[in-house]
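Here is what each chain is made of, one letter per residue.
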Amino acid sequence: MQAHYLLIASRDPYTHVAARRCYELAAQLVGEGRRVTLFLVQNGVLPARPSGGSGELADLARRGVRVLADDFSLRERGIAPLGLAQGVEPASLEVVIEALEHGARALWH
Amino acid sequence: MTSQQTLTFALMDPPFESARSTTALRLIDLALRRGHHVNVFAYEGAVSLAFAGQKAHANAVHGRDPLEEDHPLTRDWIAALRDAAHERGLRLDWVNCGLCVDERGMEPSITGPRRGSPTDLARFIEESDNTLVIPTGD
Amino acid sequence: MSKKLLHIVESAYRATLEEQDDPVVWLCHALRGAGAELDLLLQGNAVAYGVRAQQVAPLQFGSRRQQHAPDLAGDLNALLAKRVACFYLEEDAAERGIDASDLVEGLVPVSRAKLPMLFAHYHQVHRW
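Chains as they are written, first to last, in the working numbering: chain A, 1 to 109; chain B, 110 to 247; chain C, 248 to 375.
Isolated chain A, as found in the complex:
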């Protein structure tokens, strides 16, 4: 069975290089044929608000990464779940537990 990678991005790319490295890893894994979910949580949801910094997320989605944003973190930051940056979907944190249940390899950034 194809390995599913769950990359949890808790930091934003504006202030943390680690966020960009997380995106790069997602791109690399999907490029090698892996199934990848990028789950944005905490300040990691900040680029889900449409802005110049959202392009990387849209690009990942185009490449086949499923990009999700924790709905609680979105609301906490006043980011409307409807009208997120292209390629980003709102989701419950429960997605993380579901992925763990199904054997995903989870890496928290």
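In case anyone wonders, no lab produced these hints; they're calculated from the structure.
Treat the hints with care, since some could be wrong.
[As the list claims (entries may be wrong)] Below, a sample of chain C positions facing chain B; criterion: calculated Cβ distance under 10 Å:
1) Y260
2) T263
3) D268
4) H276
5) R311
A quick note: this is a predicted structure, and the numbers were derived from the prediction, not measured.
We treat Cβ as the ideally placed atom computed from N, Cα and C, and that holds for glycine.
Assemble chains B and C onto chain A, guided by the hints.
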């Protein structure tokens, strides 16, 4: 709904210093609500999460006395998770790394969490269905 | 107190759910209450504290429900009411897709190029 599993979480952050502590507790809560047993290995600063000596305080800026402020304490949240697990017939096995407890003076913990070592983490990882490590920041 | 201070907050949402406040915004309130003359500059991710649409549901674990979820925009309004000027770095807001119309009324934009001029108005500048 999938069948009952055992999930392990390894934490590193102390309370009141990072959003990661709250997200970790949300994940543990969700895992229990979905009917899973949960192991927690509290490492480094995370051994402070269940410290029994945490005390609530007033909030003069908002004009609230200690009772009104009802300031969250992670020890209370962990106690609530412990009780919720018990009510559901689930296991919440919370282990604080003993060396981390010693160097920080973080004893006693509330009832429930126990003192352990990396051997517990090794066993958790081996015996549980999946593990999520929530690392600290800088 | 005679010193006029500028406090800068950049790190955001670090532990605001548990603390039910941002520690630096709270501190500004407390210092003002003690008679200090101060203003606040929001930088980096903290520019989002001014967003009106922020909504935090109280957390609940088991039977333990939080009574007071944080209201960061409300706390900024309260600072403004205490005659504390609240600035925000306009480039950081734009970078994050935050328009002036998204923010509570009364926040003052300042550009990065104008920071030295802003700092010159204060006896001390503290970056938390």
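Okay, the hints, checked on the actual structure:
no.	hint	in the structure
1	Y260	holds, 6 Å
2	T263	holds, 8 Å
3	D268	holds, 7 Å
4	H276	holds, 4 Å
5	R311	holds, 4 Å
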